[in-house]
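Asks: The whole structure should be built from the sequences, with the hints applied where relevant.
Chains as they are written, first to last, in the working numbering: chain Z, 1 to 272; chain D, 1 to 395; chain Y, 1 to 213.
No lab work stands behind these hints, which were simulated from the structure alone. Errors might be hidden in some of the hints.
Stated by the list, open to error - Dumping the calculated DSS-like pairs for lysine-lysine here, alpha-carbon to alpha-carbon at most 27 Å:
(1) Lys-121(D) <-> Lys-135(D)
(2) Lys-121(D) <-> Lys-270(Z)
(3) Lys-128(D) <-> Lys-72(D)
(4) Lys-128(D) <-> Lys-270(Z)
(5) Lys-121(D) <-> Lys-72(D)
(6) Lys-84(Z) <-> Lys-240(Z)
(7) Lys-35(D) <-> Lys-111(Z)
(8) Lys-329(D) <-> Lys-299(D)
(9) Lys-270(Z) <-> Lys-35(D)
(10) Lys-271(D) <-> Lys-329(D)
(11) Lys-111(Z) <-> Lys-72(D)
(12) Lys-271(D) <-> Lys-299(D)
(13) Lys-40(D) <-> Lys-111(Z)
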Amino acid sequence: MADTRTAARDPHAGIVMEAEPETGAKQGRRIDRETVLMLTVPPALVLIAFAAFVVWRQSAEFNETELRQLAWTEIRSLLWQHVKLTVTSSVLVVLIAVPLGIALTRSGLRKFSPFVVGFANIGQGAPSIGLIVLLAIWLGYGFWTSVLALTLYGLLPVLRNTIVGLDGVDPTLVEAGRGLGMSAGLVLLRVELPLALSVIMAGVRTSLVLVVGTATLATFINGGGLGAIIQTGISLFLPKLIVAGALLVALLALFVEWLGRVLEFLARPKGV
Amino acid sequence: MTTDLTKEPERTPAAQEGAAEISGAEIVLEGVVKKYPGQKAAAVESLSLTIPAGEIVMFIGPSGCGKTTSLKMINRLIEPTSGTIRIGGEDIRGQSENELRRNIGYVIQGGSLFPHMTVAKNIALVPKLLGWDAKRISTRVEELLDLVGLDPSRYRDRYPRELSGGQQQRVGVARGLAADPPVILMDEPFGAVDPITRQRLQDELLSIQRELRKTIVCVTHDIDEAIKLGDRILILQEGAQIAQYDTPEVILGAPANEFVEDFVGSGSSLKQLSLTRVSEVELRRPTTATVGEQVAEVKRRAEANGDRSVIVLDSRNRPVGWPWLRQLKGDVVLEPTEDLVNLDQRATLNDALDTMLSSSHGGAVVTGDRDQYLGVVVFDAVTDHIRSLEEQARG
Amino acid sequence: MWDFIVERREALLYNTFQHANLVVQAVLVATVIAVLLAVLITRVPRLEGPANAISAIGLTIPSFALVSLLLTFFSFGSLPAFIAVAFYAVLPVLRNAVVGLQGVDATLLESARGMGMSEVTTLVRVRLPLAWPVILAGVRVSMQMSMGVAAIAAYVGGPGLGTYILKGLTQIGGANAINYALVGTIGVVVVALLADLVLLLVGRATISKGIRV
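Replies: Encoded structure:
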């Protein structure tokens with residue numbers, strides 16, 4: 001029950017994905033077909049699609065509004081805002097969720113872990129758009145409100161995977177470390193975290209994807225980002241803008257997902 | 001149950017072989033109790049025990065008897081509820097638990113190697129914690145790998161998953177020995193490997209102990225292992241009550257009570273075979289050859305001795321093969337590719353029978369320290385010994 | 001807040017129902033599609049890698065982007081909302097269904113065939129029942145995710161509680177903005193929890209006692 005409920009709302013961490021890091025850990029940096037596929041196809045796809053976009057952008061006819069929105073300088077600045085939103089929020093997510101996850105797997109605080117995860121789960125059940133609007137009403141429009149919403153939204157996958165990853169470390173290894181005279185902190189640093197790292201990174205990837213996608217909505221509260229192109233397209237009903245915006249956002253998301261996968265791949269300890 | 005500790009045990013390695021000096025320390029448990037909150041019965045109720053320096057003491061008993069708990073209290077992985085434990089006369093609460101543990105070797109079932117660290121890094125862990133310099137650590141790692149029979153150049157940079165179960169366990173032992181601690185605790189160290197590998201690992205442990213003479217406390221559930229390895233055996237009943245604490249000979253010959261009798265099991269005259277070491281029976285010395293020698297010369301020597309097979313030794317006098325003469329081809333003796341199963345001189349006659357039964361020569365090659373060649377034990381020698389045991393038993 | 005809810009209780013109930021309706025229908029359709037696809041994939045193992053890749057890529061595409069993209073093909077209304085929700089809903093179910101179907105012990109399948117069951121009978125009587133817990137877990141993930149997608153789909157005229165959230169957004173500064181946004185957001189959370197509870201009960205009723213954990 002707890003497991004499936006935990007998986008709710010987060011497609012990347014359904015029971016299937018939670019099993020994956022474990023088998024991955026046993027087989028080490030085994031490069032299976034799917035890994036190869038996921039490490040090579042998306043970036044190729046992104047490149048091709050982006051090239052197609054460039055060609056289309058240079059050759060198609062646009063009206064004045066479209067031209068303004070699709071000016072390269074404008075695209076670049078929106079892209080930069082989007083990246084800033086994503087990176088800031090993700091860094092905050094990691095800085096909050098990993099220590100929290102570590103704390104919740106220490107013996108003293110472990111009993112609180114189901115409550116915190118359960119609460120986070122219900123929170124994750126709230127629609128992203130609702131969270132953004134509510135925070136905007138409370139704190140006003142802008143970049144930092146958006147960052148707060150995105151951070152809250154991205155916490156759960158990293159928190160959960162940190163807990164799952166640390167709990168997944170063979171307790172006899174922890175005892176072995178203690179038995180050899182390593183302090184609890186040293187065991188955490190040298191044994192537990194390295195062994196849990198790839199599971200944690202899987203959570204970071206999931207969270208990155210959630211954050212980069214949800215950052216599209218930041219435009220509603222003047223938080224910036226590529227969502228602006230789509231929003232203009234919809235409110236003035238300019239299909240070219242909608243398509244262009246959707247495409248750019250999707251490409252950025254795929255690229256970020258790919259980066260996450262590369263990180264996850266590199267995080268796997270060599271001997272495992 | 002009282003045990004006279006002033007009495008010298010019959011089978012002290014030093015007395016027997018005049019080997020290395022004792023480097024271990026005495027461990028004394030006094031009225032040690034472990035009670036877990038919320039549990040009525042104590043896991044360990046008042047255990048008092050002296051483990052003499054330089055001996056191997058085996059803790060054995062039914063599951064849940066508190067043998068592992070007792071072991072883990074010695075390095076404070078479990079804190080005693082009351083009572084004192086002294087190592088080399090010093091109360092273990094006198095130093096921080098981390099400091100204490102760095103000076104006690106700890107070997108766990110399966111080795112419990114850290115999978116993300118190489119063999120060398122695993123072994124180097126405690127020396128690093130103790131602040132040794134890099135050169136000293138690297139020398140020590142090589143020394144230890146050599147000691148446990150793994151070629152340093154081949155194995156030091158491997159990851160644990162690239163090793164067999166037995167090799168992992170060897171590295172586990174090396175890690176436990178790394179900082180040269182006077183006391184080593186072992187928790188079912190050879191429980192996770194197949195019987196043949198277990199026998200070899202036991203032999204190696206005995207051979208290492210002959211050199212180092214540490215104080216080793218080892219938990220096991222295998223009475224044969226206890227008899228083979230232990231200078232003394234501690235048999236525990238529920239609540240870690242001592243059923244008997246004595247040498248294997250006394251436990252087999254004069255079990256203190258019904259519990260011990262049941263526990264040691266029937267066929268204890270057969271278990272006597274586990275008491276006799278290969279080194280105690282007469283060894284034959286058939287013809288040997290060294291890798292690289294002229295085949296013709298070897299054959300001439302063998303025929304002169306009336307042998308139809310020869311023991312091939314490598315340049316370091318370690319037996320590597322046992323071919324029949326007709327299997328020797330070419331000009332010079334090559335290193336054989338077969339996996340020769342050797343017996344350590346501390347192996348029991350039980351082990352010897354096992355090994356001989358699977359050998360086409362009706363015998364087994366016996367080795368001493370660091371796999372040095374000693375000779376060959378043959379069937380007849382073992383059956384002779386059994387016969388003399390039976391005669392003794394009949395009086 | 002309470003007055004706000006009482007005043008609008010009928011519209012509120014209607015929108016809640018619409019939200020649930022959209023999601024449940026889309027998830028049902030998605031489940032059927034996903035299971036069929038999964039059966040196909042287990043028969044043609046070569047498709048598994050690409051299917052997983054497509055599913056991962058699909059889940060990466062931001063829902064707002066897909067919803068708006070669909071808007072350019074269909075007009076404002078329920079249709080693009082339905083398609084978007086169903087699209088995302090397929091992916092987790094597909095992934096779990098493939099794993100679930102493949103996870104069925106090969107010796108069981110062999111013994112089923114040995115008893116003379118046809119391939120279809122084996123699928124219906126052995127494979128699907130044994131894979132069902134895993135598939136259902138995928139459906140629960142899908143359901144939760146779809147609740148959020150449906151809320152975003154309100155932006156292109158989709159029905160449901162998302163409309164309240166958007167009203168809250170457009171009326172920011174107004175007296176009722178917070179009420180609208182809160183009612184919409186909490187409404188979705190409540191519907192999601194209820195739906196999950198229902199699926200849990202469905203699991204109780206449909207998962208064979210022999211394999212329940």
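Asks: Of all the hints given earlier, name the ones this structure violates by number, lowest first.
Replies: 9, 10 and 12
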